[in-house]
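Assemble the whole structure, with the sequences as input and the hints as a guide.
Chains as they are written, first to last, in my numbering: chain A, 1 to 205; chain B, 206 to 533.
Think of the hints as simulated: they come from the structure by calculation, not from any bench.
Worth double-checking, as some hints may not be accurate.
[What the hints assert, rightly or not] Which chain B residues face chain A? A few, computed with CB under 10 angstroms, are given here:
| # | residue |
| --- | --- |
| 1 | Ile291 |
| 2 | Leu441 |
| 3 | Glu445 |
| 4 | Ala446 |
| 5 | Asp452 |
| 6 | Pro478 |
| 7 | His481 |
[To be verified] Some chain B residues judged to face chain A by a derived CB distance under 7 angstroms, without partners named:
| # | residue |
| --- | --- |
| 8 | Thr443 |
| 9 | Leu449 |
| 10 | Met451 |
| 11 | Ile457 |
| 12 | Arg475 |
| 13 | Ile477 |
Beta carbons: idealized from backbone N, C-alpha and C, even for Gly.
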Amino acid sequence: MRAGGHLPRGFPITVASPDGSYTLIMEGVQITINQVVAVQVSMKLEMKDTPGQLVSVLEPISACGGNIIAVIHQRDPESESDTLDVQIVLDLPAGRLPALISQIKALGVDILRIGEERLLHKRSLIMIGHIMHTDISDTVDQIDRTGFAEVSELSLMMPAINERSSARITIKTANRTDMESAVTILREVAGRKDLLVVEPLEEWA
Amino acid sequence: MRVALLGFGSVGRGVARMLGEKDLPFTLTAIADSKGGIIDPKGVSIPEAFSRKEKSGSCGRPKLSALDIVESDAYDILVEVTPTNIETGEPALAHIRKALGLRRHVVTSNKGPIALAHRELMELARKQGVALRYEATVCGAIPIIHTLQHGLLGNDVKALFGVMNGTCNYILTRMEDEGLTYDQALGEAQEMGYAEKDPTYDVKGLDTALKLVILANTVWGMDTRMKDIQVTGIDLITPEAIQLAMDQETAIRLIGEAIPSKDLLRVSPRIIPRNHPLLVEGTLNALTVVTDMAGELTFIGKGAGSIETASAVIGDLLYIRERYAGRP
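Here is the structure:
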């Protein structure tokens with residue numbers, strides 16, 4: 001990677017850490033940052049249909065910093081088998097999945113299927129103004145520190161020093177309500193920093 | 206029916222031309238512009254009015270004013286198409302009040318009086334048993350007012366949003382197609398006659414806000430004013446922002462939106478997917494209406510232009526004739 005241009009001091013750069021938490025791509029004056037803070041995981045487990053089994057599986061999830069979103073289990077009355085299928089949806093910090101899998105297996109529980117998904121709600125907005133000089137890392141941090149929303153992509157274009165720059169910021173959340181809250185925060189921060197925010201026209205639902 | 210025409214600019218001339226060329230059941234008995242007027246109970250010669258305007262700068266004679274015509278007995282329907290004043294609505298507001306007071310129907314393209322005094326004027330028209338129609342105030346040729354007042358009767362309108370200013374749409378389209386800066390695209394729009402010398406009214410979103418006021422007051426019977434609308438224009442949009450939108454198969458357009466359930470009345474530049482029905486090019490307008498029974502409807506058409514706007518005025522005139530002709 002060749003770093004050109006004029007990055008202000010204190011600009012947060014973590015390059016291609018092994019768990020993929022940050023990648024920084026520099027293309028001329030356009031900077032794109034992809035950030036993966038949390039992943040959404042859906043797993044289907046087969047466990048013994050005995051008291052306490054389900055609770056024992058949930059423990060390693062919270063130990064790994066996971067946040068359980070849904071637990072779906074359905075007992076089939078016709079079933080002769082003494083096992084139970086359970087589907088769990090959870091949020092997990094990036095890079096923790098391998099540890100969680102081995103802990104669950106150690107409990108004697110079979111993992112039938114596993115799927116990793118990013119936060120499902122995604123919205124891109126465009127900001128215009130003195131984005132760098134008004135502390136862009138703070139702008140991003142105001143979203144990230146909420147715990148329910150994260151900035152997953154930031155594309156910045158700077159035509160010339162001292163001219164207004166433009167940035168496309170992509171926010172991800174687990175649901176629509178969190179998205180509205182995150183966008184409200186961004187609007188408020190941008191207002192304070194005298195940045196214009198161009199929002200998408202939402203689908204009418 | 207007898208028609209008096211106030212205003213002989215782009216819209217007024219379009220109306221006069223169509224009244225002259227098309228076989229319509231109206232007699233144009235009076236015309237006035239800011240410099241003078243003419244009354245002829247047997248019908249004003251439209252070609253002569255055009256040639257007077259070209260030679261002397263006025264379609265009529267200096268001794269006769271617009272207000273003289275409004276106060277005369279020469280007409281049944283007043284067509285008020287003088288230039289808009291968004292601060293006071295004058296002189297159109299006085300013309301319309303006077304005509305309604307004299308139990309004459311009024312058709313207008315003038316946004317000022319309708320945005321400033323919709324409730325008062327509609328109430329006055331109702332009391333006097335006459336019609337006040339203003340199709341031409343919003344989105345030129347698109348029959349949106351008629352659709353909302355008649356075509357969608359029985360529906361609950363839940364939201365209204367769209368591209369309502371051709372000047373802004375032209376500027377944004379040119380920035381997108383040619384990579385022009387805002388200033389370059391504005392300069393081109395001015396050269397093409399799509400933008401005024403002072404473009405503030407269009408590019409700051411005020412024109413769209415006025416239209417939103419008129420629509421909201423028409424659909425929901427609100428008493429909304431300009432100050433109730435959050436307005437952001439397009440004058441700060443950068444070519445880079447347009448590029449960033451294009452990278453994701455989207456575009457930026459100035460959108461006016463009214464959603465009463467969210468208490469939302471807003472004019473702002475927005476990101477729209479490339480395949481969205483509201484994403485129109487050039488000076489076109491596009492408007493989506495969301496209703497409970499009919500679902501979503503989107504109208505696309507020319508939002509300005511002499512004959513296009515005359516289409517809206519003529520439609521209102523014929524509506525009035527159908528409803529009121531032959532009544533005492």
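Unsatisfied constraints (hint numbers, rising):
1, 10
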